[in-house]
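Chemist: Construct all of the structure, not just a fragment, from the sequences and the given hints.
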Amino acid sequence: MSWFKRLKDGIQTATKSKKEAPDGLWHKCEKCSELSTHKELDENLYCCPKCDHHVRIGSEKYFNIIFDGKYTRLFDEIVSKDILNFVDLKSYQDRLDAIYLKSDVSDAISVASGKVNKKPLTVCAMDFTFIGGSMGSVVGEKISRAIDYSIENKTPLLIISKSGGARMMESAFSLMQMAKTSAKLTLLAKHKLPFISLMTDPTTGGVTASFAMLGDLNIAEPGALIGFAGPRVIKETIKRDLPEGFQTAEFLIEKGFLDFIVNRKDLKQKLDDLLTMFTNVESEAELNEEPASAS
Amino acid sequence: MVFLEFEKPLELLYEQLDKIKEVGDGGVIDVSDKIKELEKKIQNTRKEIYSNLTGWQKVQLSRHPERPYTLFYIDQIFTRFTELHGDRCFADDKAIVGGLAKLGSQTVMVMGHQKGINTKMRQYRNFGMANPEGYRKALRLMKMAERFNIPVVCLIDTPGAYPGLEAEERGQAEAIARNLFEMAQLKVPILCYIIGEGASGGALGIGLGDRVFMLENTWYTVISPESCSSILWRSWDYKETAAEALKLTAEHMLEFGLIDEIIKEPVGGAHTDPEKMAKSLKSHIKKELQTLQEMQPDDRITARIEKYSKMGDFEEVDLNEKKPAKKK
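Protein chains in written order, with this note's numbering: chain P, 3 to 297; chain F, 1216 to 1543.
Source of the hints: derived by calculation from the structure; they are not laboratory data.
Keep in mind that the hints are not guaranteed to be accurate.
As the list claims (entries may be wrong) - Chain P is faced by these chain F residues, among others (derived, beta-carbon under 8 Å):
hint	residue
1	ALA1376
2	LEU1380
3	GLN1387
4	LEU1395
5	ALA1399
6	GLY1416
7	LEU1463
8	MET1468
Beta carbons are placed, not taken as given, at the ideal position from N, Cα and C, and that holds for glycine.
Modeler: Right, here's the structure in full:
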């Protein structure tokens, strides 16, 4: 009758063999509610092990996925400035200062150069945690310099977008970054260097309406929200509910605006494939081959 | 005549004037002196009001229901205007109009956002909010102009690109982005004029050019003051504050170096003397086209890209000394 009777005395584990449970050990998938440890999630490149939901990650993680941890960061010295002395509920400068204390990135985009299986690539990746990944002067300038860098070093360019759009606190300056980045991309095209645009959750507003949609290849992560106007604004405009799956990557590929959807786990291999094809190199072996010495 | 809120003193004077004129029409009393006096007073009051407009008041003026729109300017400035329709893919967008026209002996491709002049037409023109096919029509016309070496003139006046369901389906973002990309490399001169509202990507979608000008009482920025208020202040009540904070007037834009020049409007706004406004716009376009046409296409494109590359303001810190991440 051990149902109601405690047969053993209290907790049996000795204090010294107690394990620490660190904060945030578990991650609950926001889509399927499956629990997984952060370690599992990390090993799975931040995709839910059960439903494959792609969790938002920052620039550093993408660089590691793409370059296997070996890359050079570029243009980190460029930082935002409160050009207009913009004050809403908080001043722009206060917002910046607050985020500098918390964040390890210096603005909403980071640039790195490295190699994908020996093939050089310049990558710009956005960080949503930095004022919603918003595009201000710094994002525009870093992309502009990344394009110059790609041209100088003859590397293809990958931009990983993750942004709510333009940074309102920089007003017209942020608007003009759309023109600036698009105009600079024409130079990359003139030098016949491929530009791959990877859209991740979310990519909206001025970012979508400029460089994100201008890839030689436009690709996206599964389930990513991609659009010009945000779903809330559209709902208010048309005064009815939006269909399920509206503005997702899967919706966009059906409408003809994406070349393909790529799972984060396949990203590196896919980039390798594309870089190989764009540079017209037949195989790994050929790439490794020493040039035949003249005899 | 339609008076805006801040024009109240003017409205009262006009009412007085009407009454006196009525008395005068009776033919018994000579009121000509009184009329002259009042007209002078109106002029002075108008000057006073208009010399000190706030950002929000300029936004209101840019939306004045009697303000001249693209088709009015086209009619006044050009001859033989032939409107060209459709994007050849989906539809003809009524919110953007365009076509071939003559400016003196010079053929130009002129296009712009078009708002409606009455309730019915406002709907027909979708309040000047273009769909993707509008931007694609504009691009089609620009590429045609390039083929025949015809300069492009864009008149901008939009509260924004249309944020609708179908617009998203048909790629609003892609259409605007494509225009920016193609306009940057267009071999013919591009002149852009903000003639009313210059709201965000919807304005920029036909707004990348060799020279960009703003009429005096217009605005140009990344978001409308109303939407900015709703997002940053989380309420619709801060539009005036947002309009100030955004620094969206022509003066600010010139000061920032984001536009090339401000074009004066008649005192009281373009709607008080549309013909005069059109006349000064006409001579401006003529002058600017001539300067641009003297340049080689390649030089023009290089200068155009350089102009936009310079836009933006930021700091460059010494990473060894002051890591931005560890600032403060």
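Chemist: Is the interface hint for F:GLY1416 satisfied, with its Cβ closer than 8 Å to some Cβ of chain P?
Modeler: 4 Å, holds
Chemist: Hint validation: F:GLN1387 versus chain P, beta carbon distance must be below 8 Å. Holds or violated?
Modeler: Holds: closest Cβ of chain P sits about 4 Å from F:GLN1387, inside 8 Å.
Chemist: Would the hint on F:MET1468 stand, with a C-beta cut-off of 8 Å toward chain P?
Modeler: Holds - the Cβ of F:MET1468 comes within 8 Å of chain P, reaching about 6 Å at its closest.
Chemist: So, F:LEU1380 near chain P? Judge it on the closest CB pair being under 8 Å.
Modeler: 5 Å, holds
Chemist: Would the hint on F:LEU1463 be counted as holding, given a Cβ-Cβ threshold of 8 Å to chain P?
Modeler: 7 Å, holds
Chemist: Can you verify the interface hint for F:LEU1395: is its Cβ closer than 8 Å to any Cβ in chain P?
Modeler: 4 Å, holds
Chemist: Does F:ALA1399 pass the interface hint, meaning its C-beta sits closer than 8 Å to a C-beta of chain P?
Modeler: Holds: closest Cβ of chain P sits about 4 Å from F:ALA1399, inside 8 Å.
Chemist: Min Cβ distance, F:ALA1376 to chain P: is it shorter than 8 Å?
Modeler: 7 Å, holds
Of the numbered hints stated above, none is contradicted by the structure.
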